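Novice: Heads up: the sequence lines are chains U and D, in that order. Quick note on UniProt numbering: the first sequence kicks off at 1 and runs consecutively. Quick note on UniProt numbering: the second sequence kicks off at 1 and runs consecutively.
One should not assume that every hint holds.
[To be verified] Simulated coverage check for chain D against chain U, where a stretch passes if three residues somewhere in it have a Cβ under 8 Å from a Cβ of chain U: (1) 59-67; (2) 86-92.
[Stated by the list, open to error] Calculated Cβ distances over 12 Å to all of chain D for the following chain U residues: (3) Trp15; (4) Lys43; (5) Ile65; (6) Lys81; (7) Phe90; (8) Thr95; (9) Lys96; (10) Glu102; (11) Leu109; (12) Gly115; (13) Asp123; (14) Ser157.
Bear in mind the hints are in silico, worked out from the structure with no lab data behind them. Being a predicted model, the structure only gives us computed values, none of them experimental. Glycine included, each C-beta is placed from N, C-alpha and C at the ideal position.
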Amino acid sequence: MSFQILLNLFLAFLWMFLSSNYSVSRFIIGYLLGLVVIVALRKFFKSRLYIDRVWAVIKLSVLFIKELILANVSVLTLVLKPKLELQPAFFKYETKLTEEWEITLLSSLITLTPGTVVVHVSDDSKSLFIHVIDSNDIDETIDSIKNSFEKAILEVSRS
Amino acid sequence: MTILANVLVVFLILCGLLFLVVAAIGLIRLPDLYTRAHAASKSSTLGVMCILLGVFFHFWLNENHFNPTILLGILFLFITGPVGAHIMSRSSYIAGVKPWAGTGRDDLKPEIERMKKEQNLK
């Protein structure tokens, strides 16, 4: 992936030298043309195209911001309700992710989603222990949300 | 244009203020440490982020001063907020802070007891 980015930068500089015009706009044009060349030659690279991964990162960030806002609205309604309706629980969540940065990212995503805080990560880092604030109806929905998160993270890390 | 910018700034700062107030009320009303961690980690992170964004837009649109330090501050809060909540709740569980009586399933207890036995902690 980093090789492709370096190649793209190299092509952009090459374009600047070819047109002997060293300005930012020329660099951007060269970068876009280099991108076209890299997309055209994609079958010669072993890893997948890097714009694919950049797109996955953008999708993950949008998901993150959406979940952060939803989490805050749910905390707001929970706290401001006249009667507290809580059913807290600690539950165990098995994760498929293996790399450490993936698990860190997943646990901070979970901490910022509605009603869940990661309390402990097991020593073999295969399961996360999550404190959930309302265990009645949320259990399944939380699992589905986390499957979407896990899928998005796998989408980023897939080579 | 100035009116639009001002509306954006005021909206963002009011939102941030609302979330911070909710975080404070949550810290008082919720029954135990773990539920308080929810209010503290989420609402205060988004609240401070909204206020910083409002300040950023005010200086950018009204005063023509682009200040990327504020954006770095937002990024920093975004990364450290959830980690802080995680570390505090984990260390208090290991130190033996009891969860609220209404807590249902507790999968964490056997795990922590096993860990303490392995490391010869009390």
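Novice: Now, for every hint given, state plainly whether the structure supports it.
Specialist: To see whether the hints hold, each was checked on the structure:
1. 59-67: violated (count 0)
2. 86-92: Since three or more residues must qualify, the claim that chain U covers the segment 86-92 of chain D holds, with 3 doing so at under 8 Å.
3. Trp15: Non-interface label on tryptophan 15 of chain U holds, nearest chain D Cβ at 28 Å vs cutoff 12 Å.
4. Lys43: Answer for lysine 43 of chain U: holds, closest chain D Cβ roughly 37 Å.
5. Ile65: Violated, because the least Cβ-Cβ distance between isoleucine 65 of chain U and chain D comes to about 10 Å, which does not exceed 12 Å.
6. Lys81: Per Cβ check, lysine 81 of chain U is inside 12 Å of chain D; nearest 10 Å; violated.
7. Phe90: 4 Å, violated
8. Thr95: 14 Å, holds
9. Lys96: At roughly 18 Å from the nearest Cβ of chain D, lysine 96 of chain U sits farther out than 12 Å, so the non-interface label holds.
10. Glu102: Nearest chain D Cβ is 15 Å from glutamate 102 of chain U, so the label holds.
11. Leu109: 8 Å, violated
12. Gly115: 7 Å, violated
13. Asp123: 7 Å, violated
14. Ser157: 18 Å, holds
In the structure shown, a violation is registered for the earlier hints numbered 1, 5, 6, 7, 11, 12, 13, in ascending order.
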